[in-house]
Amino acid sequence: GSRRFAAQDWPIERLRAVGQATGTTLNDVVLAMCSGALRSYLLELDALPDASLVAMVPVGLNAKQSHIASSAGGNAVGAVMVQLATNHDDPARRLDRIHLSMRDGKEALSSMTQTQILAMSALGQAPMILAPLLRMEGIVRPPYNLIISNVPGPRTTHYWNGARLTGTYPLSIPINGMALNITCTSYDGQLGFGLTGCRRTVPHLQRLLG
Numbered sequence: 001g002s003r004r005f006a007a008q009d010w011p012i013e014r015l016r017a018v019g020q021a022t023g024t025t026l027n028d029v030v031l032a033m034c035s036g037a038l039r040s041y042l043l044e045l046d047a048l049p050d051a052s053l054v055a056m057v058p059v060g061l062n063a064k065q066s067h068i069a070s071s072a073g074g075n076a077v078g079a080v081m082v083q084l085a086t087n088h089d090d091p092a093r094r095l096d097r098i099h100l101s102m103r104d105g106k107e108a109l110s111s112m113t114q115t116q117i118l119a120m121s122a123l124g125q126a127p128m129i130l131a132p133l134l135r136m137e138g139i140v141r142p143p144y145n146l147i148i149s150n151v152p153g154p155r156t157t158h159y160w161n162g163a164r165l166t167g168t169y170p171l172s173i174p175i176n177g178m179a180l181n182i183t184c185t186s187y188d189g190q191l192g193f194g195l196t197g198c199r200r201t202v203p204h205l206q207r208l209l210g
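Numbered according to the numbering used here, the sequence shown spans residues 1 to 210.
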């Protein structure tokens, strides 16, 4: 009921250069940035768990595959549970572990039918949906700690009545029982991070951006 929002952007070329230097993807680098920020933030609060945090990451599926693409068109989206390697203090190792986790998750999705992907997604979301209805908050937990998504946006500068759009930042909706949502979107050479968090559960949300 009480939310806080913080946003900032970084040059996409800088992030892409990290990916090229390490043999990883832009999305891997984004997840590693989030992982490093979460690790530092939780260490400051003396609340970093021994086990790695897990992010649910929506990924676009190859719509050309007949068993995945919808006959009516639209987006084909699945979800990968990514180990963020927050239990490792070395940034390079975190990026490598995230890259492997994303690769394994995508390979698993590519071997599934659309029905299997929908069933897996439903099982993953069931605790978040059913717990409030059955008054079981805190008893039944989802298989992830937070959602991190990266949505491509316009690559060129946009204008409205002659005014230049200088930035765009995603404001996402954390579902019940989830304290933080991180969504990124690209625009005109920049990647904007939008953080939406529970004011009571995530103190000093702005520090995550630093």
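Hints are computed from structural coordinates only; laboratory data are not their basis. Hints should not be assumed to be uniformly reliable.
[Said to hold, decoys possible] Label-pair ranges, simulated between beta-carbon atoms: (1) TRP10 with LEU171: 33 to 43 Å; (2) ARG4 with GLU107: 35 to 45 Å; (3) LEU48 with ARG164: 36 to 46 Å.
A virtual CB, placed ideally from N, CA and C, is assigned to each residue, including glycine.
The hints, checked one at a time:
Taken as a hint, the range 33 to 43 Å is violated for the pair TRP10 and LEU171, whose Cβ atoms sit roughly 18 Å apart. For ARG4 and GLU107, the hinted distance range of 35 to 45 Å is satisfied, since their beta carbons lie about 37 Å from each other. Separation of LEU48 from ARG164 is about 41 Å and conforms to the stated range, judged on CB atoms against 36 to 46 Å.
The structure fails hint 1 only (numbered hints given earlier).
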